[in-house]
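Asker: Starting from the given sequences, assemble the full structure and let the hints guide the process.
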Amino acid sequence: MHIGLTLYGATPEDVMQDVYFREDFAALHAYPDGIDSLTVDGFRCVSAVRSIEGTPYEDMETPWGYGGPVATSEGAFWRGLGMWRQRQADHGRVAEFVRLHPFLNPAALRGSLDQIRFDRLTVLVDLTEPAEQRRARYNKGTRYSLRKAERQLEIRQMGAEDGSLFRRLYDVGLTRNAALDGYYFSDDYFTRLLSADWATTWVASLDGEPCAVACFLRGGPFAHYHLSGGTDAARDSFAHYLLLETAFRHFAERGCRWMHLGGGRTAAPDDQLLHFKSKFSPILIPFYTGGIVFDRATYTALSTGATERFLSYRFTKPQAAPELQPSLRVARPEDFQDFFRLKCDVDNVVWSGAVKPPDYTFMADWFAHAVGPDNNRTILIAESRGSVVGYAYVDDTEDGVVVTVGLAASEAQRQAFRPILRLVLDWVSTERAGQDVLTWLYDSNRFLTSAFEAEGFQVDAGVPKLDVFTAATGDNESQRRWRRPAEVS
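Here the sequence shown is numbered in full-length UniProt numbering, starting from 1 and rising by one per residue.
Simulated from the structure, these hints should not be mistaken for lab results. Heads up, some of the hints might be wrong.
Stated by the list, open to error - Once the Cα atoms are required to be at most 25 Å apart in a straight line, the calculated SDA-like pairs of lysine to any residue come out as:
(1) K140 - F339
(2) K279 - T473
(3) K356 - T473
(4) K356 - G474
(5) K356 - R341
(6) K356 - L284
(7) K356 - S444
(8) K465 - S478
(9) K140 - R249
(10) K356 - P56
(11) K279 - D119
(12) K356 - W366
(13) K279 - F339
(14) K356 - R249
(15) K140 - L284
(16) K356 - D374
(17) K356 - P373
(18) K465 - V355
(19) K148 - E209
(20) K279 - V355
(21) K465 - R446
Unchecked claim - Quick list of the computed label-pair ranges, beta carbon to beta carbon:
(22) P333 - A354: 51 to 61 Å
(23) A409 - L466: 18 to 28 Å
(24) A433 - G353: 26 to 36 Å
Glycine is no exception: its CB is placed at the ideal position from the N, C-alpha and C atoms.
Answerer: Shown next, in the form of structure tokens:
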């Protein structure tokens, strides 16, 4: 089975056309740092280059928005990535932090990047959908807000001469939200941004007074919500509702297929900015970050004592992680957001037999049914110190109770799997007393086979093995049923 390099119907060629892979965009947003890029044989990558203070080394980071290595074929990808790795090692660069383009498939990149982590949900608008159909899905409050904005506001497109105006209204929004210094830009930045042919900006005015601005980017079939800001009057008049609707119409008329609105200010599922963006589309897609290490010895030396956060030497050393204190309970409907986060973990994706991240809407409907009373599956949630760190499926069958355990990658590195597995087995012994416990494991997943074997499981010799594709290896793998007799518990 082929693991696609891209998602949601986009091609690698589409992604390569996006604005984030342009050198002029990267240079503008990396400043005062420089950039490096490689475009060769169907491969493209671009990133900012930064000095590591107090050392002779440099590292790299996606300068703004999204990036990552992209290629038109698997062969081009491996050739290009090899050249990219060697190029950076030759220049004394230690590692690269990548904000993966949301249309790049993390399952396809798992074996080529040194780290991949689910970060947060983002909102995607399908611009091929007729505007009337899209607006009909808005809730009553959103439709009311749009109508009010259309009655009160005037919208005009901005030009390079409006850079100071854009900055003034943008900065008002930053101040209100107590934004970090890195979100502020100079007048020169805004002049260059508004002059770029890949940027389109609008201003909304109330009674002749500008109150809100928004900038959108375009590259190939993609449009992106880039920067916005405004006064209190903008909020009262729902100016950003109208600015977004103006952009949807503008880019749809010019052949764009998608508008990516991004996510929230935080990774929290109840983030207010994410909630606002979700008013315009039901399509929520996961965003991942990644890391590539070019010089393992130096990276390890710089990271000594730090966390698993990539480029962790750039951040304040955290306190030691608290000791794991896992507990187990039956899942509730309100657990879905934490459950979905765990399902988006790239290791959980590939070892579950999937070739791409889960679909949010499908998974939400599935979970709502799964935690209901009318099924033969129980979902268990593992917690530690108030955080959800794992889940388990318990399926009742004629042959016995089948268990499956999933864990967050960060918890797996703290040896949390076996304590949680024991809790699951204890729960089964109590709630399904007298039944054998079964599980299906890939032969190649030595971590899981050793963990289950330590708990008394043995290969169920009477059951034929399965030949199943897994994205973890990119090939068909033998999967066997393991059994723990009831008397072992």
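Asker: Compare the structure with each hint and give your call.
Answerer: Evaluation of the provided hints:
no.	hint	in the structure
1	K140 - F339	30 Å, violated
2	K279 - T473	39 Å, violated
3	K356 - T473	14 Å, holds
4	K356 - G474	12 Å, holds
5	K356 - R341	14 Å, holds
6	K356 - L284	14 Å, holds
7	K356 - S444	20 Å, holds
8	K465 - S478	6 Å, holds
9	K140 - R249	20 Å, holds
10	K356 - P56	39 Å, violated
11	K279 - D119	21 Å, holds
12	K356 - W366	17 Å, holds
13	K279 - F339	23 Å, holds
14	K356 - R249	30 Å, violated
15	K140 - L284	20 Å, holds
16	K356 - D374	29 Å, violated
17	K356 - P373	29 Å, violated
18	K465 - V355	21 Å, holds
19	K148 - E209	17 Å, holds
20	K279 - V355	29 Å, violated
21	K465 - R446	16 Å, holds
22	P333 - A354: 51 to 61 Å	23 Å, violated
23	A409 - L466: 18 to 28 Å	26 Å, holds
24	A433 - G353: 26 to 36 Å	31 Å, holds
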